[in-house]
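Number of protein chains: 2
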Amino acid sequence: MSYIGKHISSLATPAFIVDKEKVEKNCRRMLDLAKSNGIHLRGQTKTHKTVEGGIAQTGGTKRKVVTSTLVECEMYADQGFDDILYGFPFIQSHLERVFALTERLEEFHLMVANQEACQMLEQSAPPEGKLWSVFLKVDCGNARAGVWWEDDEAVDIVKFIQGCQNLTFQGIYAHCGNSYGAHSISEVERVRDSSVEMMVSLARKLKEAGLECPHWGVGSTPSCSHASNRFENLTEIHPGNYVFYDNQQVGLGSCGLDDVAGKVLTRVLGHYPKRKQMLVDCGFTAITKQGIGSQAHPKMIAPVDDHQDLMLSNMTQEIGFVEPIAPEGSIDFSLHPVGSLLKLIPYHSCASAACHPTYYVHDSQGIIQELWTPCRGW
Amino acid sequence: MSYIGKHISSLATPAFIVDKEKVEKNCRRMLDLAKSNGIHLRGQTKTHKTVEGGIAQTGGTKRKVVTSTLVECEMYADQGFDDILYGFPFIQSHLERVFALTERLEEFHLMVANQEACQMLEQSAPPEGKLWSVFLKVDCGNARAGVWWEDDEAVDIVKFIQGCQNLTFQGIYAHCGNSYGAHSISEVERVRDSSVEMMVSLARKLKEAGLECPHWGVGSTPSCSHASNRFENLTEIHPGNYVFYDNQQVGLGSCGLDDVAGKVLTRVLGHYPKRKQMLVDCGFTAITKQGIGSQAHPKMIAPVDDHQDLMLSNMTQEIGFVEPIAPEGSIDFSLHPVGSLLKLIPYHSCASAACHPTYYVHDSQGIIQELWTPCRGW
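Protein chains in written order, with my numbering: chain D, 7 to 384; chain Y, 7 to 384.
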């Protein structure tokens, strides 16, 4: 059955629905932020993993993206994208696929997070006429992958890379994911400013050591959702979640509820007035359990769009429980007959979108215009 | 690249690996439990959602399964299965697909959880020569979907169904999911026994009211993983998770760690000795965040197979953090070089399996024998 041209209310549920105008607005705003600072945007594609989302993130150029998986790299390469960074720590088992991508693209970059990875690459011949092009992953306080920005190790690895025959150095890359731990916009801005400062400082240190450093950047949607002239001091930014945004970003002040572009459409299955609950056809396989204990209400998994007194508060595999946010609140069941629709606002759109084999992309009237097929697997 | 005949160590990671002998043993044990009690097993397919898993659950008969989604019903119907129960509350939007399944199968059953659903069905003509065959979902204390076993509503709905022209009544169905809240095997057994008692009592009440009740059963893997002569009082059981089991079931005493058949294979990406961590290529898209706060260690998401001093304690989208379980513990990094493999034991295999487009099914030596392709979506 083709849903194109039909209203979202005709969809089988649960379904991941995407407001195209909001995606375009979110993507345009991020491109403008980069442009106004005279730097590049290298959008992270992990939230949507679609060709169409990548086109929106690059403003149609299909140049400069960063991905979270090899299948994303391969999908984008197949669709004419170039200047693709596989933003995941390189290990030996990636070699065969990474070779093929290096061979077929003008610019394909790898991420290295330690010297072992550089040594492995140096010991493997790149495709004829090419070098392994690498970014060094730097930790600016988020304690994930990468070298601590202040450690001598960072300079040592870059020196090692620049002494290699088979490697070429692109620059340093940080994901300031610690911005997600902030409790206010000013705290997000402090994380952003300190991350920018650390990367600028490391880039300077490399230059002072006689080492080239073409690019240095930070990324994370909270950090990149507020204008700042600090970005001028970088060469690129690489946020990703902003394409859809979500309720976590609303809580962090990155966007308003009205900017959230991806939601889960669900139907009411039954009324349970004794328990003050409605059951809906959205279980953890359609939105994930992420969100519990991380939002204003301790039981909230997802707020209900247009009914902000209601929340998704629990789930089994295929069924969700909707109840009033306020303990003394109630549900007006007459507004929500069995079979009627609700929209849930994901806490973490990267996780919720990953549950869905198709995104139903609609206009502002709810008419489905496109189906987007994300890549899955690794 | 074909992985058949190769060792699991050749797989791209993360990968969901399934021990075929363990699946067969788990499925055989459940079939034997039903047989020894003279009742039917109607295995729930939601954990694996594969044809091969359905064959193992039915002992090759391809008869009597219960599913969680319509796509599962359609996949099993395509592959010659019959006597399929769509174990999800019927709503009007399912009608078209449910009509097709009723038409093509000898026996296709629906679940109803309220009188509205029965009314909707009664108002829709079933396929020529068929009736809408329904089970009534009953709540025996797990507070999910269905009618409370003691309420007059249960009898009223069955009376309504038996007065309908287009419906035929199959029986009553309960998922004793409250067994998951138990803290000991004896507590699981109490939940099982009380659920059995409630269903037997409702079946008796229906008969006393002059209403037929061909089938009455309970299901849930914890309840059905211990032998009991109480099952003789039922006509069927319908657990599902036992096909793979998982660390939640180990904690509930349903199985031993050695019975867990589905695991996530992952590789070490880097060593972070200052943080006493290794990073691995298993993020929340490969195992989900379910498990935090629900296991012996408050930070544990998944124990590491064969290294039971280590656990997966946090994740980003594509990266996992492995650390010692004991705060004073340490990691012997020499045992885990960059690129080496670990196996993670999912807390909830239904959720973790749902992340994977393929399951790599291996023998006891780790040689891949089959690829299973689960159905996805709804």
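It is possible that some hints are incorrect.
The list treats identical chains as interchangeable, and a pair is accepted whether it falls inside one copy or across any two copies.
To be verified - In silico SDA-like cross-links for lysine to any residue, where the CA-CA straight-line distance does not exceed 25 Å:
| no. | residue 1 | residue 2 |
| --- | --- | --- |
| 1 | Lys349 | Ser99 |
| 2 | Lys213 | Val57 |
| 3 | Lys305 | Gly169 |
| 4 | Lys165 | Gln98 |
| 5 | Lys211 | Ser130 |
| 6 | Lys280 | Ala106 |
| 7 | Lys349 | Met126 |
Calculated from the structure, these hints are not laboratory results.
Verification of the hints:
{"no.": "1", "hint": "Lys349 <-> Ser99", "result": "between (41 Å within a copy, 16 Å between copies)"}
{"no.": "2", "hint": "Lys213 <-> Val57", "result": "neither (37 Å within a copy, 59 Å between copies)"}
{"no.": "3", "hint": "Lys305 <-> Gly169", "result": "neither (54 Å within a copy, 42 Å between copies)"}
{"no.": "4", "hint": "Lys165 <-> Gln98", "result": "within (21 Å within a copy, 66 Å between copies)"}
{"no.": "5", "hint": "Lys211 <-> Ser130", "result": "neither (29 Å within a copy, 75 Å between copies)"}
{"no.": "6", "hint": "Lys280 <-> Ala106", "result": "neither (60 Å within a copy, 36 Å between copies)"}
{"no.": "7", "hint": "Lys349 <-> Met126", "result": "between (48 Å within a copy, 24 Å between copies)"}
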